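A.B. asks: Between the sequences and the hints, there should be enough to build the whole structure, so can you do that?
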Amino acid sequence: MLAKGLKRIASVVGALLVLILLALQLYHRNHSNGNSRLPLSPTHPNSNESPSPPPSDNRWGRQDEDQPQIDMSATHTVLSSVSTPDKKWFHIDFGGRHAINPSIIPHPEQPNTWIITAQLHKPSDQRTSSVWFAELVCDAVFRDDGRTLGCIDPPLILPIAATIGDSNNCVGDLSFFALNVGPHDARVFYGPDAPYTIYGSNSHFTCFGQWIQDLRPLVDWKRPMDLLYDHGFRQATELHRPLPFSAVEKNWFLFWDATGQAYVHYDVSPNRVFAKLDPSGLVGPDLAPLASSTDNICLQHHLPTLKDPEFESIHQATNSLSITLCSRSDLSCHPTDANTFILTIFQHKTFYSFHSVYEPYAMLFSRSPPFAIHSISSKPLWISGRGTPGQGKKPQSLTNQEAESWNQTEMLYVTSISWKDHGNKYHGYIDDVIFLGFGCEDEDTGGIDVVAGDLDEERRVTINEDSDCPGAYDLYLVDEDSIRWASTAHCHVPTGIESKVAVSGPGDGYGHNDGEDRYAGPAFPWHPDCYMILSLALTGLGAHKIDLELLYHTMVEMIRADGKALDLDYGVDVIREQEDYWKSINSKLVGYIEDVASYCEFDCPFPNPNRQTRVRHDPFSRLPVEIVHSICSYLSGDSMKALLQASFEVSVATHHNSFWKLFIKSDMPWFWEVHRLVKYNKLPGYLNYKGFYLWLDHVSTPKFGKADNFLGVANRRRIWGLCQEVKIKYDRAWTHASRLKILTCKLPEELATV
1 MLAKGLKRIA SVVGALLVLI LLALQLYHRN HSNGNSRLPL SPTHPNSNES PSPPPSDNRW
61 GRQDEDQPQI DMSATHTVLS SVSTPDKKWF HIDFGGRHAI NPSIIPHPEQ PNTWIITAQL
121 HKPSDQRTSS VWFAELVCDA VFRDDGRTLG CIDPPLILPI AATIGDSNNC VGDLSFFALN
181 VGPHDARVFY GPDAPYTIYG SNSHFTCFGQ WIQDLRPLVD WKRPMDLLYD HGFRQATELH
241 RPLPFSAVEK NWFLFWDATG QAYVHYDVSP NRVFAKLDPS GLVGPDLAPL ASSTDNICLQ
301 HHLPTLKDPE FESIHQATNS LSITLCSRSD LSCHPTDANT FILTIFQHKT FYSFHSVYEP
361 YAMLFSRSPP FAIHSISSKP LWISGRGTPG QGKKPQSLTN QEAESWNQTE MLYVTSISWK
421 DHGNKYHGYI DDVIFLGFGC EDEDTGGIDV VAGDLDEERR VTINEDSDCP GAYDLYLVDE
481 DSIRWASTAH CHVPTGIESK VAVSGPGDGY GHNDGEDRYA GPAFPWHPDC YMILSLALTG
541 LGAHKIDLEL LYHTMVEMIR ADGKALDLDY GVDVIREQED YWKSINSKLV GYIEDVASYC
601 EFDCPFPNPN RQTRVRHDPF SRLPVEIVHS ICSYLSGDSM KALLQASFEV SVATHHNSFW
661 KLFIKSDMPW FWEVHRLVKY NKLPGYLNYK GFYLWLDHVS TPKFGKADNF LGVANRRRIW
721 GLCQEVKIKY DRAWTHASRL KILTCKLPEE LATV
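Just so we're aligned, residue 1 is where the sequence shown starts under full-length UniProt numbering, counting upward by one.
If you are wondering where the hints come from, they were derived from the structure by calculation, not from laboratory data.
Just so it is clear, the structure is predicted and the values come from calculations on it, not from any experiment.
Glycine included, every Cβ here is placed at the ideal spot set by N, Cα and C.
It is possible that part of the hints are untrue.
[As the list claims (entries may be wrong)] With a cut-off of at most 27 Å between alpha-carbon atoms, the simulated BS3-like pairs for lysine-lysine come out as follows:
1) LYS122 <-> LYS393
2) LYS425 <-> LYS87
3) LYS682 <-> LYS661
4) LYS88 <-> LYS379
5) LYS679 <-> LYS641
6) LYS276 <-> LYS727
7) LYS276 <-> LYS425
8) LYS665 <-> LYS729
9) LYS727 <-> LYS665
10) LYS88 <-> LYS394
11) LYS222 <-> LYS420
12) LYS307 <-> LYS87
13) LYS425 <-> LYS122
14) LYS250 <-> LYS349
15) LYS393 <-> LYS250
16) LYS379 <-> LYS349
17) LYS679 <-> LYS665
18) LYS307 <-> LYS420
[To be verified] Have a look at the derived ranges for each label pair, beta carbon to beta carbon:
19) ASN271 <-> ASP618: 45 to 53 Å
20) ARG676 <-> SER329: 30 to 38 Å
21) PRO528 <-> ARG560: 18 to 26 Å
22) HIS617 <-> ALA733: 43 to 51 Å
23) LEU306 <-> SER658: 49 to 57 Å
24) LEU306 <-> LEU179: 45 to 53 Å
25) ASN271 <-> SER666: 36 to 44 Å
C.D. replies: Structural data, given as structure tokens:
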């Protein structure tokens, strides 16, 4: 009896063990495939849902290893993953829930962990009957050898409160927006100090607007002390825009300048629109016109061409990041306004044959006013693993003939960018790794990690940096109208009459004749504007006070050995071509300076007292402020900035506006537009003149390819510097000539016999 009982028990236990092993194996398989159904997902799969397949599955004809590989590098900049085994994009898994429009940011504390968010995507039969929308969020890690970034625990709903707008703004075809509950198309991203989310929701000002909120109170933020710091937008805040509003606003992004001031960027096409952001959500006027002189040319030449605007468009796609275009590993790399830019991605959307295709482009623009565009991708970005032509999701509504010729690529639409490494928030370097998050055919979510420099590998630069054509003018900036001033050239020539010299009339550039030069000496061509600058530099009065003969012979002694120009430091680019630039229009420049001074903050914090304790001996500490000011007035701008860095006492003594008003006048004698604005009190009373000077110094620095509103001023500054070299020799010759006149003057006749 005992033996029979043991046999029965053994058979039952054995069967149970087999069932348990099978269950564990099935659970492990489902979990590893990203189909675990835990809270927020039903225990049993819904018949209306299909599990999210990994990227290796060949849905809608997607390319895999068995299909021929198509090289897209001829038409696109190919982006390859730095971590996945096949270099293709990875799947983003929200515990089996379908989602779209993903975002990825580094976890604040846990290594190799990221916070992922995306919009919950409902089954197709529920989309028309539901007005409720939600955003999923979870902590995620990589699995499947990096092929999947999936939730550690079941995803939660990001607790973004529904907003109540003015339903009167939603009329006609948009009336259904008034019924909306919850956020749409949220983007999660880091600013310089804190993470935020921007999302669409019912608006007070239009039908559907854009809102912003600090992300930290919405999730289980692992740094409790960090929550004590208010970085703005602790509560949901609707963002404003310069009028007019569109009925449905979307895809806005924030960017920050070098001082941490936030701005909102609304549009990239057909024209840029952006404005300074206040913590209340209010904004200033549209600042894009300040950069329009170069931006419009850049956008006109570098944006993709829309073949049919009814079926094609260009719109913003992602948030922004700050990127320094040198390597973090390079010890000499330091972020400056010259090498650090704002990065964002926009997309060219086409909709043909009932299917959308998005082509992403990277754009860089300056991080300092006027925030002009720096570069745009020369080719769209191609994400490795994206279905090539013919491998997109073919619409079911196509006829047989249309289906045979249908040859569209897979629809991937980029929605977010972020730095991959932990500790990186808004700013990074060109050798850092960056995440791109994107949706796939409105059914799935994915991402790819690439070196940031790969995004900038092939770009069109709005200022000419083509190494094959160094020193050349940018053909997008120079046209026939912009160089008409060249026909006003005059020549400073000898007359052949008693060593006298004269100034010719304006020349023309329509040809030349053979023959003998009737002047027995070199001729010096110049343009009226340059001559005016020279006269002010030499005498401070005007051209009528210049001794032309003395100036001519002074310049003869300065002729370079090759005879092509004077022996002056023109700068590398000008020496190479020995050509000139073009001038700006003063009236526009004055208005521009007034606008920037009114809307841009130049506040400089009071010098840090901690610097004083690190200095053992500062000789300026015992000098009266008046003496310090007098010493500084003799310094050049570069020397003054170096002294401010070295001496705390000088920083304190020169912190007031009165000093910097005088220093602008002495250090920038060529900037007479600013001098007039200061003289006639045209600048705002709250303006910080130290910060204003530093900005003026930056924007007026001559550099190759300069393409902004200060192009003419930078050239004037360059010419003024050359005039100072001439002035030294001219003054020396003047002094020598004056002495000769005294020694050779004749005595009065009544004294001749004494």
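A.B. asks: Of the hints given before, which are not true for this structure?
C.D. replies: Failing hints, ascending: 6, 12, 13, 18, 20 and 24.
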